[in-house]
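**Student:** First to last, the sequence lines map onto chains Z and V. Residues in the first sequence are numbered from 1 upward in steps of one, following full-length UniProt numbering. Residues in the second sequence are numbered from 1 upward in steps of one, following full-length UniProt numbering.
What the hints contain is simulated information worked out from the structure, not anything from laboratory work. Heads up, a few of these hints could be off.
[Said to hold, decoys possible] Simulated crosslink set (DSSO-like; lysine-lysine; CA at most 27 angstroms straight-line):
no., chain 1, residue 1, chain 2, residue 2
1, V, 196, Z, 125
2, V, 279, V, 196
3, V, 184, Z, 125
4, V, 184, Z, 74
5, Z, 45, V, 184
6, V, 196, Z, 140
Listed below, chain by chain, are the residues.
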Amino acid sequence: MSAAAAVTPLRGPQGEPVYELSRVGKTYARGHVTALEDVSLTLRKGGFYAVIGSSGCGKSTLLKIMAGLTPPSKGRVTLQGRPVLGPRRDIGMMFQQATLFPWRTTIQNVLLPIEIRDGPAAARKAEPRARELLETVGLKGFESVYPGQLSGGMAQRASICRMLITEPAVLLLDEPFSALDELARDFMNMELQRICMAREATAFLVTHSIAEAVILSDMVLVMKPRPGRVAELVPIDLPRPRTLDMVTTPQFGALVERIRGRLDKEAFL
Amino acid sequence: MSDVRANEAAGYDGGDTVWTEKTSWLDSVPRSVSMLFVAAVFIGVWELVTSLGLVSPIILPTPMETFRDILFVGENLISGGYMLQALWITLLEVVYGFALAIAIGFSLGVLVGETSFGEKAVMPYLVAIDTMPKVAFAPLFVAWLGFDIESKVALAAFIATFPIIVGTAAGLHAADHNARMLFKTMGASRWQTLVKLKLPTGLPQIFTGLKIGSVGVMAGAITGEFLGGGKGFGELIRVAASQLNTPRVFSLIIYLSVVGLALFMLVAWAQRRVVFWRKEQVGAATEH
Ligand SMILES: Nc1ncnc2c1ncn2[C@@H]1O[C@H](COP(=O)(O)OP(=O)(O)OP(=O)(O)O)[C@@H](O)[C@H]1O
Ligand SMILES: [Mg+2]
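Given the sequences, and given the hints that come with them, work out the whole structure.
**Tutor:** So, in structure tokens, the structure goes:
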């Protein structure tokens, strides 16, 4: 089953390689689950990648390995030329839950990564930057508010700021907006695109929505389950910046159909 | 349109309707009134039982007698009499006992909740000791520490320590998977994770432990005084009881409850200040 290793994209992002995964595999000792097998990938600078696949096919596992949160059982991962051997400062992560801490104000939550990395003095110095970030996501005036008073979407926007405050080179996103309603989600996705384009950040997004994957990414990775592997790389050559009305174009429809066909075959096998 | 017709058909004339949910009249009485009502019923039954001579006055004094004695004890306390000195001793035992319980309980709680050594090697012993009737250790503390306040402080602390350990250890496990993962991605050290994540997350449980402990510390101090003598408030109760002065016993107990309640309220107040992001009911001492 080394087909996955041979998959090469037709086109897609053209920057220099940022992330390199070679023949990464993961077997969980508990239950002898082969969550991932033989995943080889190259993510290029400034590219937006989306991963899609049925539940349990190893998307979160792949993300955790890339983030250095769990070691791979096989293979190697390098980021910006250095092997990933644990959590790294050049990685920003976001999960499905905003996870803001209720005893900290919004701005204190945003500053938390700096406080942990460089201490409270550095966090104080980074305050103007945190204010700026909050302003760019429309949270001006909510700096000193406690998270209990923020809506789900506002909390998720604050957690984007928290991810960005350390200026990470890559963003790893595990279904970051799936707890939001559709309108908020569309808005946040456009916000995410703007942020990534402005910073030339490389993004890796796990999602369950084909439309979300297509509208956001330069390349969609379709994963197959048992064992988890990357079955197909679908380059998305819609022009940037993407807008929500692109979903009505035939090109968009064709891409969605292509990915859906690929998924359906695997999901019910 | 059709809605209006339906309403008309049902005899609705289009005017404002004000409606409220039906509740039992008993539930709509204000809190203070209902509390007074319960107290009045209680005292009324008490009065009836004693004035009809159903119970010997040695066993149960009349409410009036008890009330007079409450005033008498209050006067003695205010004028700085011997009862105030006794109360002061008991207060010292309670304060020292509680401080000791907090220090030991919190430290052991962190050891048990944070290290796998503590969880594997220490927790089983703590559970074993916790299941024992801790009051039974009182004679030992008296034998070791004598008849002064030390033995009472020790018993009070001994009883109050366990809920604090349990509360702290449970609290340290309260942080959810997402939060831990987030701290991991930020490269937080173990110490940072403890101080900036696990402790703040566990504060509600820690305070629950403190509240249960605050009740236990009073019980410990008084039990210590019953069994180990000394000059505290418990001794006053014991002496009054041995003289069959039941009104005195009752009024002393009432003053003691006031002290206990004050300590509990103090902890509850501290909880509201510290854990400001969570609104909780004051009377949640027994939620364990
Ligand atoms: N800590 C773990 N221990 C043992 N098995 C695990 C663990 N985490 C995940 N697995 C297994 O690995 C496989 C892949 O899990 P993973 O969480 O990566 O899936 P996923 O694609 O993210 O699914 P979903 O879309 O539902 O989030 C599953 O079969 C799961 O049971
Ligand atoms: Mg997942």
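**Student:** Next step is simple, just say for each hint if it's right about the structure.
**Tutor:** Comparing the hints with the structure gives:
With a CA separation close to 19 angstroms, the supplied pair residue 196(V) and residue 125(Z) stays within the 27 angstroms bound. Between residue 279(V) and residue 196(V), the direct Cα distance comes to roughly 21 angstroms. Compliance with the 27 angstroms bound is thereby established for this hinted pair. Taking the CA atoms of residue 184(V) and residue 125(Z), the gap is about 23 angstroms. The hint holds against a cut of 27 angstroms. Between residue 184(V) and residue 74(Z) the CA atoms are separated by roughly 22 angstroms; this keeps the pair inside 27 angstroms, and the hint holds.
Our distance criterion of 27 angstroms between C-alpha atoms is met by residue 45(Z) and residue 184(V), whose separation comes to about 25 angstroms. Using a Cα cut-off of 27 angstroms, the hinted pair residue 196(V) and residue 140(Z) holds, with the two alpha carbons roughly 25 angstroms apart.
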